[in-house]
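This note's numbering applies: residue 1 is where the sequence shown begins, and numbers increase by one.
Among the hints, erroneous ones may be present.
[Unchecked claim] Simulated crosslink set (SDA-like; lysine to any residue; CA at most 20 Å straight-line):
#1 K123 - R24
#2 K39 - E106
#3 K63 - L136
#4 K63 - N77
#5 K58 - T13
#6 K20 - Y52
#7 K123 - K39
#8 K102 - D31
#9 K80 - E106
#10 K42 - R131
#11 K20 - G98
#12 K80 - T69
#13 K42 - N133
#14 K39 - L73
#15 K39 - I71
#16 K20 - N77
#17 K58 - I32
#18 K42 - K102
#19 K63 - I50
[What the hints assert, rightly or not] The calculated label-pair distances, taken between Cβ atoms and stated as ranges, are:
#20 D97 - V66: 17 to 23 Å
#21 K53 - G86: 17 to 23 Å
#22 S96 - V60: 26 to 32 Å
#23 H91 - E19: 28 to 34 Å
#24 V66 - E119: 29 to 35 Å
#25 V66 - V95: 33 to 39 Å
#26 D139 - Q49: 15 to 21 Å
#27 R59 - T112: 19 to 25 Å
#28 V95 - D57: 21 to 27 Å
No lab work stands behind these hints: they were computed from the structure.
Here a beta-carbon is modelled for each residue, glycine too, at the ideal position from N, C-alpha and C.
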Amino acid sequence: AVNSNATKKDTLTTLTSFEKISLRVISMRYDIEYEILNKPPKAVLSLYQIYYKDGSDKRVIEKSAVTDTEIMLELFNSCKIIRWNGFRGNHPKDVSDGVMFKFQAEVNEGQTVYAEGSENFPKGYREFVSRLNLILENDGLNSSI
1 AVNSNATKKD TLTTLTSFEK ISLRVISMRY DIEYEILNKP PKAVLSLYQI
51 YYKDGSDKRV IEKSAVTDTE IMLELFNSCK IIRWNGFRGN HPKDVSDGVM
101 FKFQAEVNEG QTVYAEGSEN FPKGYREFVS RLNLILENDG LNSSI
């Protein structure tokens, strides 16, 4: 028998591990991607500029930082990124431009979290991005976040 509550229950679980997390943020002025790779006991956070060249996107690394995997897991859980799964933030009617995002995460040994939006973000999104930027600015290490 298939448990119909399985997907609902999965969205409420705590994030206990991750392999790769990426967040692409696009506006009129910039196109960037945050990428977090887990290399226990450390996690590598990289920020890329995305340039369109010769018919495809090119990623150019802007900054990178190394921090503890546990610090990243704390951040993910405090921002509740696992609950973002399935989020589709439609662009508000009276806003002419803005910021779009695409979020993908491989977590909990096989679970995928996907969210996207345009000038409409899941709860915890802004805190998540500002804390990633803080880690990058402080060169990672054991930045308490």
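So, going through the hints one by one against the coordinates:
1. A C-alpha spacing of about 17 Å is found between K123 and R24, which places the hinted pair at or below 20 Å, so the restraint holds.
2. A C-alpha spacing of about 14 Å is found between K39 and E106, which places the hinted pair at or below 20 Å, so the restraint holds.
3. Straight-line distance between C-alpha atoms of K63 and L136 comes to about 7 Å, which keeps the hinted pair within the 20 Å bound.
4. For a cut-off of 20 Å, the pair hint linking K63 to N77 is broken: about 24 Å separates their Cα positions.
5. A C-alpha spacing of about 35 Å is found between K58 and T13, which places the hinted pair above 20 Å, so the restraint is violated.
6. Distance hint between K20 and Y52 is unfulfilled; the C-alpha atoms sit about 23 Å from each other, more than 20 Å.
7. Between K123 and K39 the alpha-carbon distance is near 27 Å, which puts this suggested pair outside the 20 Å criterion.
8. A C-alpha spacing of about 11 Å is found between K102 and D31, which places the hinted pair at or below 20 Å, so the restraint holds.
9. Proposed proximity of K80 and E106 is supported: the alpha carbons are some 14 Å apart, at most 20 Å.
10. For the suggested pair K42 and R131, the alpha carbons sit about 17 Å apart, so the restraint of at most 20 Å is met.
11. For a cut-off of 20 Å, the pair hint linking K20 to G98 is broken: about 26 Å separates their Cα positions.
12. Distance check on the hinted pair: K80 and T69 sit about 16 Å apart at the alpha-carbon level, within 20 Å; holds.
13. Among the hinted pairs, K42 with N133 is consistent with the structure: their alpha-carbon atoms are about 17 Å apart, no more than 20 Å.
14. With a CA separation close to 13 Å, the supplied pair K39 and L73 stays within the 20 Å bound.
15. Taking the CA atoms of K39 and I71, the gap is near 13 Å; set against the 20 Å cutoff, the hint holds.
16. Note on K20 and N77: the hinted pairing holds, with a Cα-Cα distance of about 15 Å set against a maximum of 20 Å.
17. About 11 Å separates the Cα atoms of K58 and I32, which keeps this hinted pair within 20 Å; it holds.
18. With a C-alpha separation of about 24 Å, the suggested pair K42 and K102 falls outside the 20 Å cut-off, and the hint is violated.
19. Distance restraint check for K63 and I50: the Cα-Cα separation of roughly 13 Å lies within the 20 Å cut-off, and the hinted pair is therefore satisfied.
20. At about 35 Å, the CB distance of D97 to V66 disagrees with the hint of 17 to 23 Å.
21. For K53 and G86, the hinted distance range of 17 to 23 Å is not satisfied, since their beta carbons lie about 33 Å from each other.
22. Remark: the range hint 26 to 32 Å for S96 to V60 is upheld by a beta-carbon distance near 29 Å.
23. At roughly 31 Å, the beta-carbon separation of H91 and E19 lies within the given 28 to 34 Å, and the hint holds.
24. In this structure the supplied range 29 to 35 Å holds for V66 paired with E119, their Cβ-Cβ distance being about 32 Å.
25. About 37 Å separates the C-beta atoms of V66 and V95, a value consistent with the hinted range of 33 to 39 Å.
26. In this structure, D139 and Q49 meet the distance hint of 15 to 21 Å, their C-beta atoms being roughly 19 Å apart.
27. Look at R59 against T112: about 21 Å separates their beta carbons, and that is inside 19 to 25 Å.
28. Separation of V95 from D57 is about 25 Å and conforms to the stated range, judged on CB atoms against 21 to 27 Å.
Of the numbered hints listed earlier, those contradicted by the structure are 4, 5, 6, 7, 11, 18, 20 and 21.
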